[in-house]
Amino acid sequence: MADTDTLAATYPCLADKVVIVTGAAQGMGAMHARRFVQQGSRVVIADIQDAPGQALAGDLTACGPGEAMFCHLDVASAADWQDLVAGVTARWGRIDVLVNNAAVMAIAGIEDETEAGWDRIMSINPKGSWLGIRAVIPEMRRLGGGSIINIGSIAGFVGSEGHVGYQTSKGAVRMLTKNAAMHYAPENIRVNLVAPGIVDTGFAVEAGDHSDDEYIKLTPLGRLARPEEISAAVLFLASSQSSFITGLDMPVDGGFLAQ
Amino acid sequence: MTRLTSKTAIITGAAQGIGAAIARAFAAEGAALVLTDLQDSAGEALAADLSATGARVLFLHHDVACAADWETIIARTQEAFGGIDILVNNAGIGALEGLETETEDGWQRIVAVNQTGTWLGMRAAIPALRTRGGGAIVNLCSIMGLTGDDGHFAYNATKGAIRTMTRNAAVSYVGDGIRANTVCPGMILTEMAGEEDDETTMDFLNLTPMRRHGRPEEVAMGVVFLASDEASFITGTDLVIDGGYLAR
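So the protein lines, in turn, are chains A and B. Number 220 in the working numbering belongs to position 220 of the first sequence; there are no gaps in the numbering. Number 85 in the working numbering belongs to position 85 of the second sequence; there are no gaps in the numbering.
The set of hints was computed from the structure by calculation and includes no laboratory data. Please note that a few of the clues may not be correct.
[Claimed, not checked] One-sided excerpt, in silico: chain A residues whose CB lies under 7 Å from chain B:
hint, residue
1, G144
2, I245
3, G254
Just so it is clear, the structure is predicted and the values come from calculations on it, not from any experiment. Each residue gets a CB set at the ideal place from its N, CA and C atoms; glycine is no exception.
Sequences and hints are given; from them, build the entire structure.
Right, here's the structure in full:
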């Protein structure tokens, strides 16, 4: 079993690669960052939360064999993205992988959602992913290729009660992925979607949604995903082992969408 | 490369093409292998090759459409390696005919191999996977199991069936710790792709955003991922390896 202490898969191709993970200060994003550093990658922990992001960067660098640096990033800000790309290329000279992981959740339904709430979620989930792709493409093009992984959700595939902003935003991220995959395939830049089910990070529960127990009942596998199980899919798609895969939806959902 | 160490896998249609690439990738990841095929000499040669690199591997003659053959394969696997952890239903045949030109014989033949063979394999292996406390089934499907093609009617039909059979197995056996997923290749450089005429091939590549064929090894890596514990939360889904064909 994949767990936090052992590294089941090794991807020598990820050593020294420069990887940006947004929303990496905590939760699933922090696990992605940790896994990449364990493969020897150089990881940019991009987040609006400076203190935990800086602490994680120090911790991961100490563990090695890769290294990590923290960059403050509001994914909804094009100027922040510009600064981030400039800072990363100045320090490490390249960008190979982008993981658009930063996201916010909202549980309101069509009649309860506010315009401010709607605009906020759209500015972070799909717009943040778009701005990220737009910002890194020139560097990937210069290198002759790259891999972009957008984190979607099962909520981008099937309807549920409430969650109108979240569902719409994750559906948009899914189509953004396919658009970008089409557009950049001739340049060997692959763009794929990892669509987690409910992950044991407290993300959904903290948003005031169902309890973990209710989510477990909805998942055929009968448990929540461990963050490292999502990271495993992200690493596979970042690696050269997925070199013919682009525009893919990869649910990591314990069978949620299969029934 | 130890993602499949201590696992035993059965791979059907392993003598050539994508099946042989899967066999090589599994051997490199440390799995014990039972390779099966109708083509004995190619299958035995591959098994000898892999044995020479230190892999534990057995080749067995196998008609996947024959239930009795499956009984033998399962029994021989358990005898040789003590159990089964992974089943890769890879054996499949192509069909160029369209809806009106397909014959009943042609239809029966492709259904027998692609669809019935996949079912018989799952039926035969599931008790052994259950005994082991779980396992992984990877069924080779196709992008033509997810979308329509011009001609290739029976191929389209059977690959669509593989997709939903896989979901059925995923939902039915989740409680036994058995995961079931498909891998859906696009146009891959194999003998099967070589049966197509040049015009069809060019049309296909023009519809593939990456503008090239996939390599059998690129499909094999997806099968390794799904079969390994890396994919422990993934069941009932399709891993599409198609250079972006379906993203259009």
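Non-conforming hints, listed in increasing numerical order: Violated hint (a single one): 1; every other hint is consistent with the structure.
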